[in-house]
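Novice: Using the sequences provided together with the hints, build the complete structure.
Chains as they are written, first to last, in the working numbering: chain A, 326 to 397; chain B, 544 to 1123.
Because the hints were derived from the structure by calculation, they are not lab data. Glycine included, each C-beta is placed from N, C-alpha and C at the ideal position. Hints are supplied without guarantee of correctness; some may be wrong.
[What the hints assert, rightly or not] Over 12 Å on every C-beta distance to chain B, these chain A residues come out as not near it, computed from the model:
1. Gly362
2. Thr363
3. Ala382
4. Leu385
5. Arg386
6. Arg388
7. Arg389
8. Ala391
9. Ala393
[To be verified] Ranges of calculated distance between the beta carbons of each label pair, as one might list FRET restraints:
10. A/Ala391 x B/Phe980: 41 to 49 Å
11. B/Trp557 x A/Ala391: 33 to 41 Å
12. A/Pro354 x B/Val561: 22 to 30 Å
13. A/Phe351 x B/Phe801: 56 to 64 Å
14. B/Val573 x A/Pro354: 39 to 47 Å
15. A/Trp368 x B/Ala1041: 53 to 61 Å
16. A/Phe351 x B/Glu832: 50 to 58 Å
17. A/Ala391 x B/Asn831: 17 to 25 Å
18. A/Trp368 x B/Ala1109: 37 to 45 Å
19. B/Phe980 x A/Leu350: 49 to 57 Å
20. A/Trp368 x B/Pro845: 21 to 29 Å
21. A/Leu350 x B/Phe702: 35 to 43 Å
22. A/Phe351 x B/Ala775: 46 to 54 Å
23. B/Val737 x A/Leu343: 15 to 23 Å
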Amino acid sequence: MTFDLRLPIGLLFTLLGLLLTVFGLFSPPELYQRSLGTNMNLWWGLAILAFGATMLAFALRARRAASAGGRP
Amino acid sequence: MSHLPSIQLGPIDWTILVLYFSFVVGIGVVLKRGMKSSSDFFLSGRAIPAWIAGLAFLSANLGAQEVMGMAASGAKYGMMTAHFYWVGAVPAMVFVGIFMMPFYYGSKARSVPEYLKLRFDEKTRTFNAFSFAIMTVFSSGISMYAMAKLLNLLLGWNFDLSLWVSAAIVLAYIFLGGLTSAIYNEVMQFFLIVLGFAPLVFLGLRDCGGWSGLVQRLNLVAGQSHNLQGQAYAPGAWVSTWQHMGAPGANPMGVEWFGMAMGLGFVLSFGYWCTDFLVVQRAMVAENETAARRVPLIAAVPKMLFPFLVILPGMIAIGLTYKAGQSGFALPVKGGAFDYDMTIPLMLKHYFPTGMLGLGLTALMASFMSGMAGNVTAFNTVWTYDIYQSHIAKDKSDAHYLWMGRMATVGGILLSILTAYMAVHFNNIMDMLQLIFAFVNAPLFATFLLGMFWKRTTGHGAFFGLLSGTAAAALHHGLSAPVGAESLFKGGWLGHVAHVYPSEMAQNFWTAIWSWSTCFLVTILISLMTTRTKSDGDLRGLVYSLTERHGEGHLPWYQRPIHLGALILAAALVLNLLFA
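Specialist: Take a look at the structure:
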């Protein structure tokens, strides 16, 4: 009836992470004066990407296990 | 209001915002297929895994006012604000999970008022259902108002447009996917808040020169005669929780340990976490009773760590205001005092570059909206089951009640919009309503405690106990006042002030203590004077001594609620000691 919530969470944060990381790679360093010189978009984008990908991996593994008949 | 130049959002910020809200509505659209009965719509078919329900349980309480308010308190009172978590939440969450969920879940009640009907009688349920329904609409309206005002102030967006668009998004996903949709979105919002605000704490701490730099700054704050409290405190007053609670005058909160432990830690906290349907609803939908008991326990773990996410920014902000860091952040002054409520938005604006800024603002907006959604889902359930089905249209088809639930969602949101506009024009009415709800809520936990653990408690006892507890709260508030009260909403409206409290918070805590004690005693007295109308058989599954307990011995130790609860309490104790 419902779906695995890890799927949309994984998707959303993977997309958000990618978006921030890529933006961080191509944005001018002056932008990061306010964040004390750290390229927050890049580094935090990578962290969010890692979180999203982990969620996605769990969701896909559960789905594979279910379709292989591991769970009813 | 125009002292803040509004933030300009870049294309990347807009992309993040739009991406998030398309997921929010998308979840509702996908879930719509599963909404076949009223039980799907109101109770998520009782099929939600414990971890999802647990995070939603937490998130439903994590409205933006909570986030922004806690940061404001962190600036005003420092580390003591953590009492709202380590004393004022965690113990009650463990209690509701271990001792109360078996009755809520096992009785198959569909709402908290319905439990009151099963345990006591119709009048007690109706009293609770009405006060709760009005309160939810009111809180969701206030939430909308606060959000539209903030967006207007911060981004220069149109107030009306912000209000209606956010209402439309909330309406869309609840109308389509019911409670499941609200719960799923609350979980997404939980992660968004954590991921959106954690970097703020990181940057703020770095700006202070780490924890030791922050402590040094806060000792400076404590030592000066601060412009809010107007007096100097011992150096550690902003970084300790318990050390300065011997007397109300020794700490910026103006409360002593007993009033805090009893008023906040017992009456207010247990009253909220154990009886408020907004949170309890999230545990009622778990897939089985053990899962339902684990829901509040799972929620308690992140709850314990939240002070570091929501209170710390406030402490950082006030520290940097007194002694600047390298980036020059400081709280602005508004009307002679610091603009504490704007701490979080201002820090977002100051530290986050475009990109991260979109993420932070989306997190803030998400928490406003889920605050609304939580109230609306609780409202449509109580309206449909406890008011409509029991008083207006009994014995209709299930499809009819599902339809009513959707209509109640529309109605609830329209009423919230109305409340939001009322808040624009009549601020005093809002203050008064808030006060009345505080009076109605304060005694509730006494009723539930007696109802669940003393089978002799009668319906008349419960009803009149509640009424007298509410009256006692009003009376206490009318006869006392905090120092420097300038409006009757702060107390003393009976024309005679019998006791002056050192702070508004101390007054609130003691109002709750008086109200709870009155309700407790009156309920016992009236119960002893009236005859029981429910036999032992009727009360099976509703009262502790008449309910057989399911052994959970087959579960591994780490899954048993009692063990989890003990671990969580021990962890909360360690946190209290670490930051004593």
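Novice: Hint by hint, which ones does the structure fall short of?
Specialist: 1, 2
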